[in-house]
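> As a plain string of letters, each chain reads:
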Amino acid sequence: MAGTISRIHRRDTIKSLLIITPSVILIGVFVYGFIANTIYTSLTDWGARASLALHPVKHFIGFVNYKNLFAGFIHNRFRQDLVNMVFYSLCLLVGTITVGFLLAVLLDRSVRYESFFRTVFLYPMALSFIVTGTIWRWLLAPSGGVNLIPKLFGLPKSNFLWLSSRKTVLTFNWQDVPTILAVFILILLIYPLVKSFITQNKKRMVIYSVVSFILLSYIFIFKNILPPILPYRETHGFKLATVGILIAAVWQYSGYTMALYLAGLRGLPVSMREAAKIDGATEFQYYLRIAIPNVKPITLSAVIILSHISLKLFDLIYAMAGADNINTGHPSINMYLTTFRANQFATGAAMAVILFIVAALFIIPYMVHSHRERKIR
Amino acid sequence: MERFKKFLFIAMGLIFFLTGAALFANGTQEKAGSTQTGVSKPKVHRLVLNNNTPHGKLEIFSWWAGDEGPALQALIKVFEKHYPQVKVINATVTGGAGVNAKAVLKTRMLGGAPPDTFQVHAGQELIGTWVIANRMVDLTPLFKQQGWMKVFPKDLLNLIGTKDGLWSVPVNIHRSNVMWYIPENLKKWGVTPPKTWDDFFRIADKIKAQGVTPLALAQAWTVKHLWESVALGVLGPDDYDALWTGKLSWTDPKVVKVWKTMDRILKYTNKDAASLSWQQAIDMVVHGKAAFNIMGDWASGYMSTTLKLTPKKDYGWVPSPNTKGVFIFLADSFGLPVGAKNPDATVAWLKVCGSKEGQDVFNPLKGSISARTDSDLSLYNVYSQSAAKDWATNRIVGSLTHGVVANEGFMNDFSSVIEMFLNNRDPQQAANACQAIAIQNGIGRGL
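Top line first, the protein sequences correspond to chains A and B.
Counting with my numbering, you get residues 7 to 383 for the letters of the first sequence.
Counting with my numbering, you get residues 38 to 484 for the letters of the second sequence.
Just chain A, same shape as in the assembly (with noise of 0.2 Å):
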C-alpha cells in the first residue's frame, strides 16, 4: 500500500516537472540569462568604438565603468539622476499615500454616489503615463493652465517654470554623500541598537555595535585620511523642475492607494468602530489610533508597489519634459539615451545594473518579511 502512495507521488512529480520546465528554461534564458549578461556586459569597455560591429571587441576591465558612473568626471549628469531618483521616490510615496488615504477616509464615510467619486478618483490609473504627461506638460505651461489660476482671485498669474526651472534646493556636496549615508544608516540603527540591549539578544547586539563602530570610525577618522570621492566638489539637489512631474504623478497613483485603503478600511470590522465610538472617541481619534495601524499591511504594499513605479517614472518624464532636460532627469532615461542613443553599451548596462539593485533593494525584504509570514502561519 505505502509503495503504490510513493509511486503515485514519484509520477506526479515527474509530471509537474514536465510541466514547469519549459517556464523555468524560458525565465532561466529570458529573465536571469539577460540579467547575467548584462552584469558582464556592464564589466567590459563595450562602446569604446565601433561598438556596433558585426563582432564588437570587448574587453573585460572589471568594476572601472562603476566607478566612472559615481566619481569620474563626465557622469555628473547621472549622479543628480540618482539624487533625483531618490527624491522622486520618497515624493511619490508620501504625495499618493496621505492623498490616497484622505480620500479613501472621505469615501469611508458613506457618501451618496460613493461610487461614482471612487470611479473618478481611480480614472487617472486608467491612463497611460503618455498620456497623463502630455496632459500635464499642456497644464503646466509657463504661459498657461495652472500658472493662470491667481488671476481667477485677482492676483497677478504666477510666473513658475514647472517643467524648467533651473532652481535648486536643499543643495549638498556629493564628496559628502558617504558621510551623509553613514549618518542616516546610524540613525537607522540606533532602535534595534537599543532593542538588543533591552531584549539581552547577544548575537544582535554584536552585529549591530561592529556595524554602528565601523560607520562612526569611518565619520571621524578615516573620512580625513581617504581621499574624496570626487576631486571637486559638485553640488547636487532638490531639482524644483521635478515638482511638475511629481504633481503628475501623485495625480495619477493616489486613486490606487485611496482603492487600497478603502478596500482595507471597509474590512475593519464595524464592531470595531463602534467600541471606539462607545468608549468616546471621536472620528479622527478613530482613525488615527485605530484604523491607521490596522491597515498597516496595506500600507506596506503600497509603498512596495509605489516605489517600484517611482523606478519606472521613464514614460511620464519622457512625455512631459522630454529625455534632455537634465533637471527632471531619471537614470532610467539616461541609460536608454547611453546605450540607443550614445551607443555607450558598457556604461548602459552599469546603469541598468545600478537601477536593478535599486529595485532589489525594495524587492527583497519586502519577499523575506511575506515568506516570513507565511511560514508563521
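Worth flagging that the hints you see were computed from the coordinates, not collected in a lab.
Keep in mind that the hints are not guaranteed to be accurate.
[Claimed, not checked] Below, a list of computed lysine to aspartate or glutamate pairs in the EDC-like style, where the Cα atoms sit at most 16 Å apart:
#1 A:173 - B:309
#2 B:181 - B:201
#3 B:345 - B:320
#4 B:294 - B:235
#5 B:224 - B:351
#6 A:163 - B:309
#7 B:291 - B:276
#8 B:261 - A:330
#9 B:114 - B:96
[Said to hold, decoys possible] Residues of chain B clear of chain A, computed beta-carbon distances all greater than 12 Å:
#10 90
#11 147
#12 276
We treat Cβ as the ideally placed atom computed from N, Cα and C, and that holds for glycine.
Fit chain B to the supplied structure of chain A, relying on the hints for placement.
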C-alpha cells in the same frame, strides 16, 4: 515540504546552469570577434559597379512621414519612372529628427536584417556609428561614374567621407547658421540686423529697453543649435574645423571665449525657453515678442508654408553674426549597408538621389536646397535661391547638432554639457567637460 524543497533545488540548479550557458555562449562569441577584427583593420567593402538591370523589391527606410512625406513620394515617383521593374517599399518610422527611426535601425542592423537603404544625417553620425563598425559600402566608384566628384562641393565631400571612401549620397542641404527676423518690426524698433556679436549686444540692449526679448530660444537642442553658430562666429571657420580634427583643444582660451559669449547671449533670451518648441520660438519673432531667432532654414519652410508669410517681404534673414561667407550645412543622405538584399536596386536608387532631376524634384517640396551646385534655381523660392547661391560660393563647414562633425556619443554627451552650462553658467567647467567627452568619444582621432 521536503519534496517542494528538492524541487526548488532542481529548478534553481537549472536556472544557474542556463545562466552559465548564456554567459559561456557570450564568451565564445567574443573570442570569434577578436580573431576577426583583432589588430589588423577590417577590409573596406567597396562597391563594384555592374550593368545588371535592377529588379525585385527595394526597401527605403526613413523618418520622412509627416510634412516631408510628399517630397519623398515625389522622389520615389522619379525612381519608378526610370526603374519600373523595381517595387519600392516605403518604410517610415515617425519621430522628429529620426529619434525613433535610429533606434529601430540599430535593432535591425544588429539583428542582421538591414534595409536596402536608409536615411541618415551625412557625416560623422553615419561614419561614427556605421562606417566605423564596417557595415557600410564605399560608394566612391559610383561618385566617380556619375560625375558627382565635380558637382558636389569639395568641402562637402571632405566632410561626408573618410580617407577610406565616400559612404552616402546627400539628397538635400539645410543651412544651420541663419538669423531670422521680421523687417517691419525691426524698423519699428529702430534697429538693423547685426553683422557681428558686438553689434548684436548693442542692438539687444536697445531692444530690451523696449520690453522685447532680443533673441528667442526654445528647448535644449536649439541651444545646442545656437552654440554652433556662436562657436563659428567666435572661432572662425579654420578654428571651428580644427575643433573636430582634434587640432584645437577644447580648453584653449579661444574656445572658453565661445562659452563666455554664450553666457552673455543667454542673458538676452526668454526665460521660458526650455518649455518651447522651435516653432514657438519662431512664433515669438513673428508676433513681435522677440526680435531674432537663430534656427536652421526649415524655419523658412515653417514661415512660408504654415504661417503663409512671403519670404523677403514678411520675414528676412541674414547669416548669424560673424559668419558671413560661411555655410554650416547638414544633409540627409542615403547609403548602402553591407548585407543589403538587393544592392542593384539600391545603387539605382542612389543614382536617382544624386541626380539633378531627383534633387530638383525633392528639394523644392522639402524646403531645402540641392547638394549639387548645378541645380535649376528657377524651381526654388526666394529664400532657397539665396541659400543655393551661398552654397555654391561660401566656405562650407559641418553642423554639430545635426550630425555632420561629431559622432553620436559626443552629440549625446554634449547635450548634457549644454544643460549643465545652462544650470551653472561656468564657461571654464563647460570647456573642461567638453575636452573630457571629446577624449572619451575619440573626436579628432579620425577613422
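> What are the numbers of the hints that this structure violates, sorted from low to high?
11
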